[in-house]
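**Q** As a plain string of letters, each chain reads:
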Amino acid sequence: MIAVDWLIFASLLAGLVALSWGFRRYMRSVADFLIVNRSMRTYLGVSTWGMEGIGLISIAYIAEQGFTSGLSYVWMTLLNTALYIPVFGIVGFGIRRFRATRVQTIPQYHELRYSKGVRISNGIVLATGGILNMAIFPIVSSHFLIRFMGLSNTIVVFGAEWQCVYLIMLLLIGISLAIALMGGMVTVIVTDYAQSVILVSTLFVITALSLQRVGFDKFDLTLRENFGEAGFNPFVTSAEGQGFGVTWVAFFLLSGMLAPLCFPPSTTKLSSTDSTNTTRKLALLNQILSPGRAILVLLWGVCALAAMGTTPPSDGGVDYARYATAEFAHNVTPSGLLGLCAAGMVFAYVATGNSYFLAWSAIVVNDVIAPLRASPLSQQLHIRLLRIVMVCIAAFLFVWGLLYDPAESLLEYIYLTGAIMTAAAIVTFFGLYWRRANSLGAYLTVAFCLLVPVADLIGKKLIDDYPLRGHESGLIAILLSFLVFFVTGLLSRSGEARWHDYGEDVREEDRLRNAARMG
Amino acid sequence: MTYLTVALLVATYVLFTIWVLIRGWFDLLHMLAELRQEPVDLADDGRVSNASHVIQE
Chain S
1 MIAVDWLIFA SLLAGLVALS WGFRRYMRSV ADFLIVNRSM RTYLGVSTWG
51 MEGIGLISIA YIAEQGFTSG LSYVWMTLLN TALYIPVFGI VGFGIRRFRA
101 TRVQTIPQYH ELRYSKGVRI SNGIVLATGG ILNMAIFPIV SSHFLIRFMG
151 LSNTIVVFGA EWQCVYLIML LLIGISLAIA LMGGMVTVIV TDYAQSVILV
201 STLFVITALS LQRVGFDKFD LTLRENFGEA GFNPFVTSAE GQGFGVTWVA
251 FFLLSGMLAP LCFPPSTTKL SSTDSTNTTR KLALLNQILS PGRAILVLLW
301 GVCALAAMGT TPPSDGGVDY ARYATAEFAH NVTPSGLLGL CAAGMVFAYV
351 ATGNSYFLAW SAIVVNDVIA PLRASPLSQQ LHIRLLRIVM VCIAAFLFVW
401 GLLYDPAESL LEYIYLTGAI MTAAAIVTFF GLYWRRANSL GAYLTVAFCL
451 LVPVADLIGK KLIDDYPLRG HESGLIAILL SFLVFFVTGL LSRSGEARWH
501 DYGEDVREED RLRNAARMG
Chain A
520 MTYLTVALLV ATYVLFTIWV LIRGWFDLLH MLAELRQEPV DLADDGRVSN
570 ASHVIQE
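Chains as they are written, first to last, in our numbering: chain S, 1 to 519; chain A, 520 to 576.
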């Protein structure tokens, strides 16, 4: 990057932190810090939820899918959308009832519905899965960004030689942590809105430049020559093993349907809305937007393959497919725009990172520390603890990112660790709709969703020929959990004592809204 | 077919994004006004005993 790029890059990053500093005074309480006192309306919600959904890690793994599997991922996102929109966007299944509970976190509902023990155990599992899930974000994002910015591996600062990857990791973690620390969800939402303008511009600019460089004919030829039918159809795998296959698609769709109520960074956004109907509209609009957003990045991956080929250069290393897109995007982006787009990529990381810091610290403090205390936390102590936990998570991310080298593709690692969290969704959906959902089923579900993916992660380190692939382990964990929850519910009626029909609350809100509309 | 789908999805994304950003600005102003005006509920801190739908056993 030349001086102008660095100037644009530094100005945008400094502006973002200044913006956050300016709006921190709007945060006055724990409810403001975690869920903006439930005052978020639909379009602002779409902007912030959308930003959280397209982090730099998502850009890296979607581009990797484009590079290694062609356009078949398009159909997977569309299949997911075809299921998601009617279930969540139109009916509001689960998410409206969840919002009607007025809880701040998922495990808080679990105490309401089951017991304090379920809340704490699910809080621990969610935090473990979530922080593991997030742990590779800084290192992967940092490598991606270094290649996109065209930086060398080392840099001399004050006479000492530093690894660039560490400095970029510190920058990414530091900015996202600072924004989350300053005003919690208030500053996250305000900065997400500002960042979305830059990120969207980045997506459009790089897509246009990539397609211009490669041209349609070469793009089409690359897909057909490298993947054949598997480049367009997700159910097909090529003779070389490229493509997704049926079990991957099943796991992907099942995870997608459980995602709205298992992923705390998303559920805190749902909890921040001003009504249950806003929650539904948020899910609808976000899902209309997300396939197009993902496809832009997928196109980068295919264009990178067309321009750079599958054979890594001599210094390309084992991560060639993962980062080739970043190098290609660097090559097509002219000076002047490079600084803007680099800032857009940092913003992509920051928007995801700060939401995650907030969500995981809320789980640790609200659902693990606070329930174990005899007396309630004061507002000041509560917010201070949330901030301390965020700093601890940030430190862990830095260390873990340096140590762990996933044996899976990025997408598989993220979905596998995500499978640990699906227990929360199963326990929540059953709790909201089934009178007989009970604590025993909740505990067993948590255990299955934790043990199977963790066995996979550890097994692959110890056994060369581990019999299951990541998505197969994830699918087994989810299906076993469903089964065990259902069976325990059939065997015992103990769950009925704590049943409350939140559907009534949702219907009452609709009645009031219709009455207001009629005048 | 795949290319047509891609084009449609990207066009939808472009149009919806512009719309969302414009409407989002007004929602942002509304949220900040609410945060200034709404009274602080100190009991709303994630404890079950303070949630609005506590189930009495």
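Since the hints were made in silico from the structure, they are not lab data. Virtual Cβ for every residue (Gly too), placed ideally from N, Cα, C. Among the clues, some could well be false.
[Unchecked claim] DEER-style ranges, computed between Cβ atoms:
#1 A:524 - S:334: 29 to 39 Å
#2 A:558 - S:461: 48 to 58 Å
#3 S:510 - A:527: 43 to 53 Å
#4 S:375 - A:534: 46 to 56 Å
#5 S:158 - A:527: 51 to 61 Å
#6 A:524 - S:507: 33 to 43 Å
#7 A:527 - S:462: 12 to 22 Å
#8 S:197 - A:530: 45 to 55 Å
#9 A:558 - S:504: 39 to 49 Å
[To be verified] Derived coverage of chain A by chain S (criterion: at least 3 residues anywhere in the stretch with Cβ under 8 Å from a Cβ of chain S; other residues may be distant):
#10 529 to 536
#11 545 to 551
#12 556 to 565
**Q** Evaluate each hint against the coordinates.
**A** Outcome of the hint check:
For the pair residue 524 of chain A and residue 334 of chain S, the beta carbons lie near 30 Å from each other, so the given range of 29 to 39 Å is met. A hinted range of 48 to 58 Å for the beta carbons of residue 558 of chain A and residue 461 of chain S is consistent with their spacing of about 53 Å. The beta-carbon spacing between residue 510 of chain S and residue 527 of chain A, approximately 32 Å, falls outside the hinted interval of 43 to 53 Å. The hinted window of 46 to 56 Å between residue 375 of chain S and residue 534 of chain A holds, with their beta carbons roughly 53 Å apart.
About 53 Å separates the C-beta atoms of residue 158 of chain S and residue 527 of chain A, a value consistent with the hinted range of 51 to 61 Å. At about 37 Å, the CB distance of residue 524 of chain A to residue 507 of chain S agrees with the hint of 33 to 43 Å. The hinted window of 12 to 22 Å between residue 527 of chain A and residue 462 of chain S is violated, with their beta carbons roughly 47 Å apart. Distance hint for residue 197 of chain S and residue 530 of chain A: a CB-CB separation of about 19 Å, inconsistent with the stated range 45 to 55 Å.
For the pair residue 558 of chain A and residue 504 of chain S, the beta carbons lie near 27 Å from each other, so the given range of 39 to 49 Å is not met. Under a criterion of three residues with beta carbons nearer than 8 Å to beta carbons of chain S, the stated coverage of the stretch 529 to 536 of chain A is upheld, 7 such residues being counted. With 6 residues bearing a CB less than 8 Å from a CB of chain S, the stretch 545 to 551 of chain A meets the requirement of three and the coverage assertion stands. As drawn, the stretch 556 to 565 of chain A meets chain S at 7 residues by the rule of a beta-carbon pair under 8 Å; at three or more, the given contact holds.
Hint violations for this structure: numbers 3, 7, 8 and 9, all remaining hints satisfied.
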